[in-house]
Amino acid sequence: DAKTTQPNSMESNEEEPVHLPCNHSTISGTDYIHWYRQLPSQGPEYVIHGLTSNVNNRMASLAIAEDRKSSTLILHRATLRDAAVYYCILRDVYGGSQGNLIFGKGTKLSVKP
Amino acid sequence: EPEVTQTPSHQVTQMGQEVILRCVPISNHLYFYWYRQILGQKVEFLVSFYNNEISEKSEIFDDQFSVERPDGSNFTLKIRSTKLEDSAMYFCASSEASGTPYEQYFGPGTRLTVT
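Quick mapping for you: the protein sequence lines, in order, are chains A and B.
The opening residue of the first sequence carries number 1 in our numbering; numbering runs sequentially from there.
The opening residue of the second sequence carries number 1001 in our numbering; numbering runs sequentially from there.
One chain only, chain B, in its complex shape (with noise of 0.2 Å):
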């Protein structure tokens, strides 16, 4: 079965450093979602990708955060100066189309520890 698959599955950097938390989404998928969770909270939406731009994005998603497709099968999610409470698990997550009743495939996640 086809899977979302994200690198590396746990990334400790210092305050104020630039990361980039890596993403392959299902092949023949379109849209592309990121969503992050702080350790015993909610699941929370940062940003939707289609076609190339940003579909929507949340509040949560400010100056810091960049998100880039690459290359044909990677989507990168960039923060640019990390800061403590950036520290979360970070989703990808990616459908064939957008909107219900379009489920959406999540990968593994990726723990950021901002130290």
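Excised from the complex, chain A in its bound form (with noise of 0.2 Å):
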């Protein structure tokens, strides 16, 4: 799987949008990108995922680069609940590595009052 890039963290106030980045500059035209996160104390959860077209779904919208070299989670309005690490994966849609996740060191969210 293609590697990505993210910032290690981000802050945002509670209610207002946030726009979680991820570069991926050696994707490849059959890699679906992908986001999870992971709540304190929890097990990975998954958020979206996308091919090319911008996606949305009740937890948060993906918008993917023209070229596809990189993307953005969008959460519309940052409840405190939000805070997480926040990952990007890459995955081949043939299922190359038969399916397991390879997760990077995420974006951790904090998300002030």
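Derived by calculation from the structure, the hints in this document are not laboratory data.
Since this is a predicted model, take the numbers as computed values, not measurements.
Hints may contain errors.
To be verified - EDC-like cross-link-like pairs, simulated, lysine to aspartate or glutamate; straight-line CA separation at most 20 Å:
1. K1083/B with E1053/B
2. K3/A with D1062/B
3. K105/A with E1044/B
4. K1057/B with D92/A
5. K108/A with E1044/B
6. K1083/B with E1096/B
7. K1083/B with E1059/B
8. K1042/B with D67/A
9. K1042/B with D1062/B
Each chain sits in its own coordinate frame; assemble them with the hints.
As structure tokens, this is what we get:
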């Protein structure tokens, strides 16, 4: 799986939007962009994924650059519960690694009241 | 909402002892995984399991580790002779199928402490 680069940490205020960036300049045409998060003392949790088009779900939005070399996870209104480590992970559509996730260090998001 | 469960939540064992960590994946899922996370470090893949066989394993998953699906619901990770460096959070995960776009659902983890 191709490598991703994320900032180590970010801060946000409660009720404000948060944009979490991810760079993946060596992404291949068959790599999906996945986001997971890990709340304190919990297991990782799926957030969203996309291939080329922007995606929305009940948790977040994913904005993918036209050249796909970067993406941004958008939390529209951060809550205290969104404080977590957010991981951007690339996964080949053909499942070349049999499906296992390769986690980096992620971005630790702090949310201030 | 269906969820992955793990027992126990915390296991303390002495070095050299055998431990078995248990997981109940989501019922209609076919793929099962174990990951571990040493305190303050990244989540690391250990092993994936499908159709009663190991699909893939990492370098961490050596002969001291084994996995089993003893019945239709449980998925277990056994460490035969624990070492101090096995102290970590162990997460079980399951998915409907392998690869993208199938997301993996993680359990809450078992904290293993080896003394």
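(request) Against the earlier hints, flag every one the structure doesn't satisfy and list their numbers going up. (result) Violated hints (numbers, rising): 1, 2, 6, 8; every other hint is consistent with the structure.
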